[in-house]
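Participant: Now for the letters of each chain:
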Amino acid sequence: MTNALRVEGLEKRYGSVQALKGVDLEVGEGELVGLLGPNGAGKSTLVKIAVGLVRASGGRAEVAGARAGSRAARAELGYLAELFRFPGWYSADEVLALHQHLAGSDGGSEERRRLLELVALADAAGRRVDGMSKGMQQRLGIAQALVGKPRLLLLDEPTSALDPVGRRTVRLLLERLREEGVSVLLNSHLLSEIELVCDRVAILLGGELVAAGSPTELSRPRGVEVETDEGVRTVEGATREDAPRLVAEAVASGRQVYGVRVLTSTLEDVYLEAVGGETD
Amino acid sequence: MSSVGAIVLYGFREAVRRKVFAVVVLLTAIFLFLFWLANHYVFRELANIQPPADVNVDTRTFAGAFLMGLAMFATLFLGVVLAVFLTLGVVSGDAERGLLQPLVVRPVGRGTLLLSRFLGAAAVSTVYVLTVYALAMLITSETGHWTPSSKVAPGLELAGGVVIVIALSLLGSVALSSTANGIAVFMLFGAGLVAGLLGSIGHALNSHTIQHASTIAAWALPFEALYQDGLRLIARDETGITGFLLQLGPFGGAYVHGWGIRVWAAGYLVIALALALVAFARRDL
Numbered sequence: 587m588t589n590a591l592r593v594e595g596l597e598k599r600y601g602s603v604q605a606l607k608g609v610d611l612e613v614g615e616g617e618l619v620g621l622l623g624p625n626g627a628g629k630s631t632l633v634k635i636a637v638g639l640v641r642a643s644g645g646r647a648e649v650a651g652a653r654a655g656s657r658a659a660r661a662e663l664g665y666l667a668e669l670f671r672f673p674g675w676y677s678a679d680e681v682l683a684l685h686q687h688l689a690g691s692d693g694g695s696e697e698r699r700r701l702l703e704l705v706a707l708a709d710a711a712g713r714r715v716d717g718m719s720k721g722m723q724q725r726l727g728i729a730q731a732l733v734g735k736p737r738l739l740l741l742d743e744p745t746s747a748l749d750p751v752g753r754r755t756v757r758l759l760l761e762r763l764r765e766e767g768v769s770v771l772l773n774s775h776l777l778s779e780i781e782l783v784c785d786r787v788a789i790l791l792g793g794e795l796v797a798a799g800s801p802t803e804l805s806r807p808r809g810v811e812v813e814t815d816e817g818v819r820t821v822e823g824a825t826r827e828d829a830p831r832l833v834a835e836a837v838a839s840g841r842q843v844y845g846v847r848v849l850t851s852t853l854e855d856v857y858l859e860a861v862g863g864e865t866d
Numbered sequence: 055m056s057s058v059g060a061i062v063l064y065g066f067r068e069a070v071r072r073k074v075f076a077v078v079v080l081l082t083a084i085f086l087f088l089f090w091l092a093n094h095y096v097f098r099e100l101a102n103i104q105p106p107a108d109v110n111v112d113t114r115t116f117a118g119a120f121l122m123g124l125a126m127f128a129t130l131f132l133g134v135v136l137a138v139f140l141t142l143g144v145v146s147g148d149a150e151r152g153l154l155q156p157l158v159v160r161p162v163g164r165g166t167l168l169l170s171r172f173l174g175a176a177a178v179s180t181v182y183v184l185t186v187y188a189l190a191m192l193i194t195s196e197t198g199h200w201t202p203s204s205k206v207a208p209g210l211e212l213a214g215g216v217v218i219v220i221a222l223s224l225l226g227s228v229a230l231s232s233t234a235n236g237i238a239v240f241m242l243f244g245a246g247l248v249a250g251l252l253g254s255i256g257h258a259l260n261s262h263t264i265q266h267a268s269t270i271a272a273w274a275l276p277f278e279a280l281y282q283d284g285l286r287l288i289a290r291d292e293t294g295i296t297g298f299l300l301q302l303g304p305f306g307g308a309y310v311h312g313w314g315i316r317v318w319a320a321g322y323l324v325i326a327l328a329l330a331l332v333a334f335a336r337r338d339l
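Heads up: the sequence lines are chains C and Z, in that order.
This note's numbering puts the first residue of the first sequence at 587, with every later residue one more than the last.
This note's numbering puts the first residue of the second sequence at 55, with every later residue one more than the last.
Incorrect hints may have been included.
Label-pair distances were calculated between CB atoms; the ranges are [claimed, not checked]: (1) GLU594(C) - LEU81(Z): 28 to 38 Å; (2) ARG641(C) - VAL317(Z): 29 to 39 Å; (3) GLY321(Z) - LEU782(C): 33 to 43 Å.
Okay, derived cross-link-like pairs now, SDA-like style, lysine to any residue, Cα gap no bigger than 20 Å in a straight line [what the hints assert, rightly or not]: (4) LYS720(C) - GLU761(C); (5) LYS735(C) - PRO161(Z); (6) LYS73(Z) - ARG754(C); (7) LYS720(C) - SER57(Z); (8) LYS735(C) - LEU157(Z); (9) LYS73(Z) - GLY595(C); (10) LYS720(C) - ALA149(Z); (11) LYS607(C) - ALA658(C); (12) LYS73(Z) - TYR676(C); (13) LYS720(C) - ASP709(C); (14) LYS735(C) - SER57(Z); (15) LYS735(C) - GLU761(C); (16) LYS735(C) - ALA836(C); (17) LYS607(C) - VAL861(C).
Hints were generated in silico from the structure; no laboratory data involved.
Cβ coordinates follow ideal geometry from the N, Cα and C atoms, glycine included.
One chain only, chain Z, in its complex shape (with noise of 0.2 Å):
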């Protein structure tokens, strides 16, 4: 086993051990079955669903994507905990319980520790986002006969969207410790959600003042821009009336989208892991 391997390891080892797989699966399983009981209601309800004569919605095509934005974002906040309770304390908190100080003096170096500590939870939350996000679709599909109009993108998407976190929390790790840690990226979570569904109000009240601040915040936070662009593209060829609806949110936003905001993300990745590295390296322990 290389080094890289060996680390890797070591670190899904202490997650095992710390319970959090156990706390992550069993938070998943309730999701998965509260999710197939909504599906079950609702898309069986579906018939008794009477829009206004003159409003030309598509019911099942709203409800499909509907059911599959809010699974959408249940993964998405399921990926980051389980991203952020990997990666909270792989600095600063190990430094302070003493298991750091015997690894980083060996030839292996600071940065392949850091960045096979990232690779590893970078791996598991990738195969944990995509798996939840593939039963979500397979749920929908079976029970109300929807699918998205793009199937893979979204999905990767999310599970971008979770690796930057795990980047944002590498790089609070080396600053900071792991209670503090784990405050600010779930509040920088927490922000970019908000200001995803800020957008969402001012495109419906047509508030450019609004609109503007959303936009920058995607920008600042890109793995909100990835997990909007997501749910955006699961209604991409609907239009009309129900395009509109599920438009207005809040599981239909993205009006930062597109290649611009992609590459933006993957170069943002890059300059969270460089300021990672650089600061970890600096760094006193």
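Chain C with its partners taken away, still in its complex shape (with noise of 0.2 Å):
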């Protein structure tokens, strides 16, 4: 089967600047990527070139085997924009159905239901965009992007806006989307996040690619805490293998052992290393 999106060689120039630099990426089936980078890193352009809103200076970009930008690309994705806005003398259930009508849905009015109780908006199906909060407008917007079953999902910092509250509903969101079958490419600066929902995360620096891996993968061993009566003591160094090892010389001396801890690197750590400690 087809990657729902695969990236081979992606460059991007803005007149002098170099947005992408020969990027590669996939997202499988059901997968859950998440984009990492610092601003200015090329997550944006990269997400915006697989839409079909930027074209490419050089290399591939395929949705569901699909050029990227192409109709047939397009009807197979739904996304999110960093920076959107719908007309503020729409109701959510007009924004929906305006969707539906450009996606071609024939789901009718039980997918706008259904889609507006998946983002916690059921009881706001009549109430226009003006009137509602920031954060109601994000998950407005996530619910118009699954308009049309997509197979890919692309979001934007999907949770920008979100109070805490909204941002765990948009994370079971994932989850579930997940168990469905759909493909996300989620960009988001909240590392918590992604560690919690990503499959795998792909750290864009300068336009390149500089990390990729499933969370566990990316993590380095940061040795082994060991809790005895004479206190805790870390390991530098060590690593799970060597916890029985530990344990069994802390008896053998006479300690009382309370607990054995492995320490590994976050996601932050990781994220950290990757790009040099740059910020924006």
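Mind docking these for me? Both chains are given alone in their own frames, and the hints should help you get the complex.
Facilitator: This is the structure we're talking about:
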């Protein structure tokens, strides 16, 4: 089966600025991939090329086997832009109805009701966008992206305007979508969010892919922490395999062992290491 | 509803919300009232106007054609205002506000989106122009008992001129911000009108240079040529000194006229739309 998204040697140049320098990335069927990187790393450019908003200067991008930007590719995706707005004079239900027309969805009112329920806006179907909070508009944006049951969902900072409850709603929604086999490329600054939901993570820096893999693959062993009656001792460089030996040694030397913990780097550590502490 | 219908309705609702229609309807009502007032007084005083004995002028025809020419200018101007405000921010303006991106990533595509916005604006503007033109003709007919030599074709040419302006505005909206596009289109419109007036002056003075410049402008900006041709048609049957005076203008030009300019205007519209589609297809958003 073809990948939901396949990017090969993708390049984009804006005048003298090279936003993407030959990026390779794949999002498999039902896979949830997180895209990380500081501002200006090229994340949004990559997503925009995938949805056809921006033309690549070089390389290839395919959505479900179709050239990115083509009608066939657009028919397979749902997209939430980082900066978007819906007409303020439309109600939530009308926004979804408009996108049903444009997406050629025949889901009708049942699909609209289901999507509004998914993003916890069931009670706001008739409310005008003008009267919605930023968080509600963001959730409506996610519902809009899901119109027509897309195979690939590209979300550019989908939780930037959400409170903790809203973020949890989106996180649960993403997990549910994964169960339904929808592929997701999630572009976000929230490392904890990505760590919680993503199968794989790709880190961009200066238009280049500097790290990619599952959160587990990317994490590095940082030692083993042993808690005894003498206190907590961290053995640098030790791995999970060393834990039984360390416990045995402590017991042999007459110590009472209360706990042992294998330490690994968090996604934040991996990220900071990959981008060299660079911030925007 | 088809996706085209949905986009047309979207543009229509946007215009209603921005009170474009409310402003244009108000201005139109004011204009029509003033136009009726002008007709009422001009035709009431017509019997008191005594041209020199050796000048054989049909004063009723002259007044009727002159007033109708004035109404056509006002109709064109208001039609262009409506058309420009419906279309000046269709691409760049909506993209800056983040309204466009969710729409263009849909399968319906950029071309259909732009053409739908064109169709919506063209339909609304055409209905508007034909309605105001018909009302102005009705006012002149009822108050002055004068009707143009050609009744339908001038209205259609006015509407055609406005549709060309819509295509230019859409083309401009791909590259320019809303404000810059609005200014650019109104300057083009103004340049066309000035060129038309220059043509009248050039013919009155028999200046070939001015006539030549005016002719080039008419072909470069055919909405002006269509308007001038419409002016010519309302007094097409007038000859002698009356016809000559009307030709002097400001509402009686058309030195570039006939089927040649009409066919070119249609071609120009197609070219402007094609350029807008190509430019939009290549535009990064």
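Participant: Could you run down the list of hints and mark each one as holding or not?
Facilitator: Checked hints:
1. GLU594(C) - LEU81(Z): 28 to 38 Å: violated (57 Å)
2. ARG641(C) - VAL317(Z): 29 to 39 Å: Given about 35 Å between the Cβ atoms, the range holds.
3. GLY321(Z) - LEU782(C): 33 to 43 Å: violated (60 Å)
4. LYS720(C) - GLU761(C): violated (23 Å)
5. LYS735(C) - PRO161(Z): This hinted pair holds, its Cα atoms lying about 13 Å apart.
6. LYS73(Z) - ARG754(C): Since the Cα atoms of LYS73(Z) and ARG754(C) sit roughly 40 Å apart, the hinted pair is violated (cutoff 20 Å).
7. LYS720(C) - SER57(Z): At roughly 28 Å apart (the allowed maximum being 20 Å), SER57(Z) and LYS720(C) break the hint.
8. LYS735(C) - LEU157(Z): holds (16 Å)
9. LYS73(Z) - GLY595(C): Judged against 20 Å, a Cα distance of about 48 Å means the pair is violated.
10. LYS720(C) - ALA149(Z): Given pair LYS720(C), ALA149(Z) holds - Cα atoms ~19 Å apart, limit 20 Å.
11. LYS607(C) - ALA658(C): violated (26 Å)
12. LYS73(Z) - TYR676(C): Within the cut-off at roughly 16 Å; holds.
13. LYS720(C) - ASP709(C): Since the Cα atoms of LYS720(C) and ASP709(C) sit roughly 16 Å apart, the hinted pair holds (cutoff 20 Å).
14. LYS735(C) - SER57(Z): holds (18 Å)
15. LYS735(C) - GLU761(C): Holds. LYS735(C) to GLU761(C) sits at ~15 Å (cutoff 20 Å).
16. LYS735(C) - ALA836(C): violated (57 Å)
17. LYS607(C) - VAL861(C): Holds, at about 16 Å.
Going down the numbered hints, you'll see the structure goes against 1, 3, 4, 6, 7, 9, 11 and 16, while the others check out.
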